[in-house]
Structure formats: C-alpha cells, structure tokens
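Visitor: Below, each chain spelled out in residue letters.
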Amino acid sequence: MEKIKELLKKEFTLELRRKSVFSGLALYVFSTVFVYYLTFNLRQNLISPLVWSALFWVTILFSSINTIAKSFIGEKRGQELYFYSLVSPESIVLSKLIYNFLLCVILALTGFGLFVLFLSNPIEILWTFIVTIFLTSWGFAASLTLLSGIASKANNSHIVMTVLSFPIVISILLLSIKITKNCIDGLEASTNYDELLTLVAINCLVTAASYLLFPYIWRT
Amino acid sequence: MKKQWWKISTALLLIYSVMGGLLFDVPRLNIVNETIRALYFHVPMWFGMVAMFLVSTYHAIQYLRTSQPIHDTHSISFATVGLILGLLGIVTGMIWANYTWGSPWHGDPKQNGAAIALLVYFAYFILRGSVANQEQRARLSAVYNIFAFAAMIPLIFIIPRMTSSMHPGSGGNPGFNMYDLDSKMRMVFYPAVIGWIAMGTWIASLLVRTHLLNEKLEELEDEQNS
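Line order of the protein sequences matches chains A and B. Following our numbering, the numbering of the first sequence begins with 127 at its first residue and continues without gaps. Following our numbering, the numbering of the second sequence begins with 8 at its first residue and continues without gaps.
Calculated from the structure, these hints are not laboratory results. Warning: the hint list may mix true and false statements.
[To be verified] DEER-style ranges, computed between Cβ atoms:
#1 Thr-139/A / Ser-110/B: 52 to 62 Å
#2 Ala-139/B / Leu-140/A: 22 to 32 Å
#3 Asn-247/A / Ala-139/B: 42 to 52 Å
#4 Ala-315/A / Ala-18/B: 54 to 64 Å
#5 Glu-142/B / Phe-188/A: 31 to 41 Å
Fair warning: this is a prediction, and the values are worked out from it, not measured in the lab. Ideal Cβ positions, reconstructed from N, Cα and C, are used throughout, including at glycine.
Turn these sequences into a full structure, and let the hints steer you where they fit.
Guide: Below you can see the structure in the form of structure tokens.
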C-alpha cells in the first residue's frame with residue numbers, strides 16, 4: 127500500500143513537472159470540440175442528442191486511448207528495470223491504474239464541460255451521467271493500462287495499441303452509450319440499474335484480469 | 008489405428024448430420040419455413056468456435072504457468088480454427104438472414120457482437136505478427152488471449168441478452184426450446200455439434216503437427232548449414 131502511494135506520488139510529480147503532456151492533452155480535447163463547433167455552427171439544429179452522444183464518446187474514447195497509451199510506451203528500458211528491482215509488479219500496475227483512472231475522469235469531465243460550453247447540454251439526468259463517466263473511465267483505465275503494457279513491447283506500438291484496444295473497450299462503450307441515451311431521454315435513474323450493474327461487473331472482471339496478468343508481461 | 012476411432016466417428020457424425028440436416032422432416036413455422044435447417048449448420052459453428060477459443064485460452068494459461076513452447080503452438084492453432092469456425096458461423100448466419108430478415112447484414116445486436124468478437128481475435132493475430140522475439144511473442148499473445156477471452160464473455164453472452172434482438176432464442180422470438188415438440192431436430196443437432204467440435208480439434212491437432220514438423224525441418228537445415 128505504501129509503495130502504491132509512493133508510485134502514485136511519483137507519477138503525479140512527473141506529470142506536473144512535464145506540463146507539456148497535460149496541456150497537450152487539454153489542447154487536444156479542446157481543438158476536437160472546437161472543430162465540432164465550427165462544423166456544426168453552419169447549421170445549428172443538426173446536433174440532435176444522439177449525434178451529441180456519438181461525438182462525445184468518440185472524443186473520449188480516442189483521447190483516452192492516446193493518453194493511456196503513453197503510460198508504458200513512453201517509458202525507457204532502463205527505467206523499467208530500475209522499478210522492477212525496487213517494487214513488485216502488482217503495485218506498479220495498481221498505481222498506474224489509479225493514475226490513469228484519475229486522468230480519464232479529468233479528461234471526460236473537461237470534455238463534458240467543453241461540450242456543454244460549445245455545443246449544447248442534452249443531458250437531463252446529470253447524476254446518472256456523471257456516475258457513468260466515472261464507471262467508464264474506470265473500465266477504460268483498467269483495460270487500456272494492460273494493453274499499453276502489451277503494446278509497448280511490440281513494434282509500431284501506437285498502431286498495435288489502437289488495434290488491440292478497440293474491440294476490448296467496445297463492450298464498455300456500448301453500455302455507456304445506452305445509459306447516455308437514457309439520460310438524454312430523461313428516464314429515471316432506476317431504469318439504468320441493470321446497465322450500471324453490468325458496467326461495474328465488466329469493470330471488476332477487467333481489473334482483476336489486468337491485475338493477474340500484468341506480472342507476466344512485466345517479466346520479459 | 009487404435010487411436011483413430013474418434014476421427015472415424017467424427018466423419019460419420021458429420022456425414023450423418025449433413026445428410027440428416029438436409030433430408031429429415033422439420034417443423035413448419037411462419038417465415039422461418041425451410042430455413043430452420045440453418046440450425047444444423049449455423050449454431051454448431053458457434054458452439055465449435057467457443058469451444059476452440061476455450062481450449063486456446065486454456066493453453067495460454069498453461070503457457071504462462073509452465074513456459075513450454077508447445078502450449079503456445081496449441082494456443083495459436085486452436086485460435087486459428089476457432090476464427091475459421093466463427094467466420095463460417097457469420098457467413099451461414101448471413102445466408103439465413105438474407106432469406107428471413109431480408110438482408111444479409113441487419114445490424115442485429117447479436118450480429119454486431121459476433122463481428123466484434125471476431126475483431127478481437129484478428130487483433131490477436133496482428134499482435135503476434137508485430138513482435139519479433141519468439142518467446143516474447145508467445146508470452147504477450149498468451150496474456151492478450153486470456154484478456155480477450157475475458158472481454159469477449161460480456162460481449163457475446165451478456166450484452167446481446169440485455170437488448171432486444173430479432174435473433175431466434177431472444178426477445179420473445181422462438182428459439183431452440185420452442186421446437187421441443189419435435190425432438191427429431193435434436194437427433195440431428197447434437198451429433199452436428201459434437202461432430203464439428205471434434206472436427207475443429209482434429210484440424211487444430213494437424214496444425215500443431217505441421218508446426219512441429221516445420222520447426223524440426225528448420226533445425227535440420229540449420230545443422231546442415233553449420
């Protein structure tokens with residue numbers, strides 16, 4: 127537990143030190159939303175709620191993949207060996223997972239804010255939607271962290287990362303899109319319990335799989 | 008020859024199920040009519056695919072535990088056969104859908120789920136292609152195999168059941184159990200399932216053997232060259 131805390135602290139200090147990464151990410155989301163804004167500005171009634179939800183999740187999906195991809199792909203070989211000699215792989219994967227989860231949540235909430243600011247806010251039931259954002263971020267972080275570890279060992283990692291992650295996260299994404307649609311339609315929160323529970327179950331499954339499998343890819 | 012009995016019975020089962028599937032009497036149902044015979048060919052493909060992927064995942068776990076290259080060979084062979092069965096399952100389903108739903112690709116949740124499940128295994132082969140080191144390739148693809156199987160479970164077993172679908176057996180449409188009245192269908196269906204799973208295992212074992220022979224050949228060539 128102590129080690130996880132230390133590693134988390136290291137991740138955050140590193141992130142804050144190289145501000146370029148974080149601000150680059152923010153700019154990435156901002157420019158995407160701004161392109162939507164400029165495009166749809168030409169005919170404003172074109173953004174129906176469903177188009178909004180599609181644009182939102184596409185943006186979040188690809189910016190999350192890009193963000194999490196660098197959690198292992200960017201690391202240097204020597205650095206990896208150094209950590210390996212210090213701490214257990216389990217604490218590394220957990221710290222990365224928590225860190226990526228926080229990053230995804232910040233990303234998704236910022237994205238949501240920008241969408242509301244530039245496009246519109248079709249969400250009627252805000253709290254369910256926020257919960258969905260948290261759960262989806264958890265699922266993304268859990269699955270993409272392991273995949274980034276796998277992809278970092280392959281040639282042309284970035285392409286491999288996208289190819290590997292798309293089919294895996296799609297089941298999480300399908301559920302979130304469904305809940306989002308219910309939130310847009312203003313259905314009561316209780317109608318979403320089934321989907322939310324399934325989302326939690328999938329997240330637990332994926333997290334457990336990442337936790338158990340990570341030591342094997344680390345050992346190479 | 009003694010060990011060949013199961014191959015002979017596989018061939019017999021499949022000949023029986025193909026002929027029985029095309030010739031025996033089937034219940035008449037609205038819209039479905041004669042296309043109900045697709046059950047004998049389409050559904051066993053999916054059963055076979057899931058069985059092959061299950062064995063492939065089992066060998067991936069064994070590889071991670073023991074690091075024996077033979078498990079990796081088994082894992083890739085069974086995944087290959089599973090993918091082929093899955094493709095056949097999609098194609099047979101599309102032929103059926105063309106006659107009952109009116110178009111080969113109807114955007115049904117089950118169709119989409121199946122297509123994504125196959126994408127997962129295509130990604131598995133791409134991953135194998137992009138790692139040069141043999142041991143690392145085996146290890147990484149074993150990890151991805153297990154992870155992909157875990158992610159596939161909600162995709163083909165849970166989510167399609169939560170959404171309404173026109174596929175028989177879900178959303179109030181008649182599935183296999185509704186045909187209970189005609190237990191003749193079971194007489195063909197179960198042999199077909201067993202036959203196709205055994206056929207898949209047979210093909211996979213042949214793939215393993217050719218792989219091992221190729222390795223031996225390479226070794227011999229290396230010895231000759233040196």
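Visitor: The structure should be examined with respect to each hint, and the outcome stated for every one.
Guide: Outcome of the hint check:
no. : hint                              : in the structure
1   : Thr-139/A / Ser-110/B: 52 to 62 Å : 57 Å, holds
2   : Ala-139/B / Leu-140/A: 22 to 32 Å : 30 Å, holds
3   : Asn-247/A / Ala-139/B: 42 to 52 Å : 49 Å, holds
4   : Ala-315/A / Ala-18/B: 54 to 64 Å  : 57 Å, holds
5   : Glu-142/B / Phe-188/A: 31 to 41 Å : 33 Å, holds
This entry satisfies every hint, going by the numbered hints stated previously.
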